[in-house]
Amino acid sequence: MLAIVDYGVGNLFSLTCSLRAIGAEAVVTGDGAVLARAERVILPGVGAFGDAADALRASGLDRVVLREAEAGKPLLGICLGMQLLFDCSLEYGRHEGLGLIPGSIRPIRPLIPKQLKVPHIGWNALRFPRGRPVSPLFRYIQEGDCVYFVHSFAGADCGEHTIATAEYGAELTAAVARNNIYGVQFHPEKSGPVGLNILKAFCQQ
Amino acid sequence: MIAKRIIPCLDVKDGRVVKGINFQGLSDVSSPVELARFYSGCGADELVFYDITASAEERALFTGILRETASAVFIPLTVGGGIRTLEDFDRVLKCGADKVSVNSGALRDPSLIPRAAERYGSQCVVLSVDAKRVNGQFRVLSKGGREDTGLDAISWIKSGVANGAGEIVLNSIDTDGVQGGFDLELLQAVCDTVDVPVIASGGAGCIQDFITLFKALPKVDAGLAASIFHFGQVSIPELKQALAAEGIPTRL
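So the protein lines, in turn, are chains A and B. Going by this note's numbering, the first sequence opens with residue 1, and the numbers climb by one from there. Going by this note's numbering, the second sequence opens with residue 1001, and the numbers climb by one from there.
Check each hint, because a few of them may be wrong.
27 Å max Cα-Cα, derived DSSO-like pairs, lysine-lysine [to be verified]: (1) Lys-1094/B to Lys-1013/B; (2) Lys-117/A to Lys-1215/B; (3) Lys-117/A to Lys-1158/B; (4) Lys-1158/B to Lys-114/A; (5) Lys-1219/B to Lys-114/A; (6) Lys-1219/B to Lys-117/A; (7) Lys-114/A to Lys-1215/B.
Bear in mind the hints are in silico, worked out from the structure with no lab data behind them. This one's a predicted model, so the numbers in the text were calculated from it and none came from an experiment.
Chain A extracted, bound-state conformation (with noise of 0.2 Å):
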């Protein structure tokens, strides 16, 4: 089984239906209890970093995903719900993350051209970093593909965690991973079939 964290951040209507379109049996939850029995758990999000790690401080669900993720149970933090696997982030003043990637969340603004748009928001294509393995949560999807993006903010620092980046002005952090532990700044539940092999493979971490 596989829970998906809920905190009262997100909607989490179109994900818990892409996991069920590949016969992942999912649970959305926010009982403790149920997240430490399931086999791997998702960590969604939407919004700001500081209001969504204020919430789930505040369910006590941090402490719970944090012993999960030590202990090698799988985990993938997804969207806001990657950035907050991170050490820290400075959207709108400073705040502590769960410090389970190394690095920080950080502006696109400063780091792109300015005509580009921000947020980065569309369909853009992943790239693997040269010279390492491509992460086994990319076993059935091929670099190019496409997957969708909705951010204002990124992954910094992060190094040898970056598993993917996406091109926009600047190589964008679009994946990281830490052992167990994955995250994907964009949207696989909204990124068609390449999104869902994502999952899939997700799902047998």
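Let chain A serve as the given structure and place chain B on it in line with the hints.
Same frame as chain A, now just chain B:
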């Protein structure tokens, strides 16, 4: 780079897609769910559902169909038609819509845009505008293009974006239905004014019209059309291959 988007628009009434549609291999050519699946399968980058229902009963039917479609198709969905209040936003977003398009509702109450942007984020709020040349000016038309509001389209769009609209669907009434190409002059004027994504609508008749659009106006993000896709006059896979062959960033 961000791929240019190709967006088919489905007009839905009584839970069915209106306008004649002729596709081989579809068991039910007016089922929004089947058509959405079809378009998603042939590479559409996004779908627009336009609700042209009249009664509350039909609206509930639309909501049900939207939910069913969103459960089956995993690409971005934009919903427009009859959006007047934040409750309307809430209703369609809960059914799996990713973006909500406002037109008449924002003309009636311009505060709808900032209120929706504050609650759901600008990326969720699409301002759809029907524009037409009147006395040397681009005017905003209401009631599906039948009535001149007297508003200057460029100023209306500018204020809409300043108030939080995250994307513009620009439909030219002058070129709509003519199939002689998009309204490049109007689109250029809007692209020069705002820095949010602009979706061109109205006038596409063939693949070359999309190539011309994206080559002449690199700032345009997407091309939207209805009947040329529905009638099979332009096939989306062929269109996307042609765009890619021209060096236009495309999701294949």
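Here's how the hints hold up against the structure:
no. : hint                     : result
1   : Lys-1094/B to Lys-1013/B : holds, 20 Å
2   : Lys-117/A to Lys-1215/B  : holds, 19 Å
3   : Lys-117/A to Lys-1158/B  : holds, 16 Å
4   : Lys-1158/B to Lys-114/A  : holds, 19 Å
5   : Lys-1219/B to Lys-114/A  : holds, 13 Å
6   : Lys-1219/B to Lys-117/A  : holds, 10 Å
7   : Lys-114/A to Lys-1215/B  : holds, 21 Å
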